[in-house]
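Number of protein chains: 2
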Amino acid sequence: MHQIEFWFDFGSPYAYFGALQIEEIAERYGRTVSWRPFMLGAAFPVTGMRLLTETPLRGDYARHDWQRLARKFCAPFSLPAGFPTGSAKPGRAYYWLRDHQPAVAIPFAKAVFHNYFGEGIDGFSREGVLRTAAECGADVASLGSALDSDDLKQQFRAVTDEALGRGVFGSPFFFIDSEPFWGADRLALVDEWLSRGGW
Amino acid sequence: MHQIEFWFDFGSPYAYFGALQIEEIAERYGRTVSWRPFMLGAAFPVTGMRLLTETPLRGDYARHDWQRLARKFCAPFSLPAGFPTGSAKPGRAYYWLRDHQPAVAIPFAKAVFHNYFGEGIDGFSREGVLRTAAECGADVASLGSALDSDDLKQQFRAVTDEALGRGVFGSPFFFIDSEPFWGADRLALVDEWLSRGGW
Chain Z
1 MHQIEFWFDF
11 GSPYAYFGAL
21 QIEEIAERYG
31 RTVSWRPFML
41 GAAFPVTGMR
51 LLTETPLRGD
61 YARHDWQRLA
71 RKFCAPFSLP
81 AGFPTGSAKP
91 GRAYYWLRDH
101 QPAVAIPFAK
111 AVFHNYFGEG
121 IDGFSREGVL
131 RTAAECGADV
141 ASLGSALDSD
151 DLKQQFRAVT
161 DEALGRGVFG
171 SPFFFIDSEP
181 FWGADRLALV
191 DEWLSRGGW
Chain D
1 MHQIEFWFDF
11 GSPYAYFGAL
21 QIEEIAERYG
31 RTVSWRPFML
41 GAAFPVTGMR
51 LLTETPLRGD
61 YARHDWQRLA
71 RKFCAPFSLP
81 AGFPTGSAKP
91 GRAYYWLRDH
101 QPAVAIPFAK
111 AVFHNYFGEG
121 IDGFSREGVL
131 RTAAECGADV
141 ASLGSALDSD
151 DLKQQFRAVT
161 DEALGRGVFG
171 SPFFFIDSEP
181 FWGADRLALV
191 DEWLSRGGW
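From first to last, the protein sequence lines are chains Z and D.
For the first sequence, counting from 1, position 179 maps to 179 in this note's numbering; every step adds exactly one.
For the second sequence, counting from 1, position 163 maps to 163 in this note's numbering; every step adds exactly one.
Everything labelled a hint here was simulated from the structure, so no lab data went into it.
Fair warning: this is a prediction, and the values are worked out from it, not measured in the lab.
Heads up, some of the hints might be wrong.
Cross-link-like lysine to any residue pairs, in silico, SDA-like; alpha carbons within 20 Å at most [said to hold, decoys possible]:
#1 Z:Lys72 / D:Ile176
#2 Z:Lys72 / Z:Arg186
#3 Z:Lys72 / D:Asp185
#4 D:Lys110 / D:Asp99
#5 Z:Lys72 / D:Leu187
These stretches of chain Z come out as covered by chain D in the derived footprint (C-beta under 8 Å, 3 or more residues) [said to hold, decoys possible]:
#6 49-55
#7 184-191
Heads up, the beta-carbon is just placed ideally off N, CA and C, and yes, glycines get one too.
All chains should be modelled from the sequences, with the hints used to inform the complete structure.
Structure follows, in structure tokens:
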């Protein structure tokens, strides 16, 4: 079965809104979703773009837009006090779970998004990541040993390099087969692409 | 009757796709469209953003995306050899027409988009602007006298300042009453906003 690739940074509000929708879209077309967190910040030196919240005018618009999207989707939305926070730890934890407890990986990713953006809990710290992983039934002792290891850091850097190599410059970013779609606001187009088999 | 404000730079491909759709959406809700060209380049020093075509990764994506949107809308699309070209002259001409031959202004704006992006004719030069204006029945002798005048330049700069003051940082950019929407890919959301009267 062809997968939909869902590339995202855990710290991206638009990725949160994408995560709320992509599984249902994929299911409707008999596809599964490959969740691929990466470090969006690595793309900024390449594109010259910046964090939305550090971009004048656009940052203000985005803050307004997130609230509007939250109301539209009846989704809980509450930015943590420290937002934006570096998201390397939940990203690394996701790949460790994918490789060692695959059944837990996507539930963990959804819980990370929900805790951070839905509940406004700053869960990107080591403690926050392990707490969320525990809620999802992860083997927290093993995950805790691996979380800050050089091997896992290197694996996550390689994933981020793969993203940039594929032309991923924003979050969320989707591939249907090889067709790229940037942005949660492109999910209607993604849906139409799947429905028509492209055009 | 409440208007929909449609802010755009004539040199923006996404504005071209927005221009193809916005009048029909507005009509469906008994609204008219206020066409407001401005100089997007003036926002770049404020936001730190750049021309799409000069943005690595994102520029390649955009070129692919424009062709995909053109196929989706069955819209003619052909980038002029000199793209991107400064769009001050068609912008100034639009406001002169709006003030002196209002019936011609929006047909002129549509013709500018069609010639530039639909036919790939580099119509942003003085000669190109006057040729397009003539096709639309403009008083080309008067327009030609005004086109490069300090007064009209100043008027267009003031419009661009107004755009930035309103938080407009991209093209196209829409306001429904005071609600801002950035991007041609937000027109489905614009439609839903009009349908529901906001949320």
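Here is what the structure says about each hint:
The suggested pairing of lysine 72 (chain Z) with isoleucine 176 (chain D) holds, with an alpha-carbon distance near 16 Å, which does not exceed 20 Å. For the hint linking lysine 72 (chain Z) to arginine 186 (chain Z), the alpha-carbon distance of about 16 Å falls within 20 Å, and the restraint holds. Between lysine 72 (chain Z) and aspartate 185 (chain D) the alpha-carbon distance is near 16 Å, which keeps this suggested pair within the 20 Å criterion. Distance restraint check for lysine 110 (chain D) and aspartate 99 (chain D): the Cα-Cα separation of roughly 17 Å lies within the 20 Å cut-off, and the hinted pair is therefore satisfied.
This hinted pair checks out: lysine 72 (chain Z) and leucine 187 (chain D) have alpha carbons roughly 15 Å apart, not beyond 20 Å. As drawn, the region 49-55 of chain Z meets chain D at 3 residues by the rule of a beta-carbon pair under 8 Å; at three or more, the given contact holds. Counting residues of the region 184-191 of chain Z whose C-beta sits closer than 8 Å to any C-beta of chain D gives 4, which meets the bar of three, so the coverage hint holds.
Every hint, counting from the list given before, is met by this structure.
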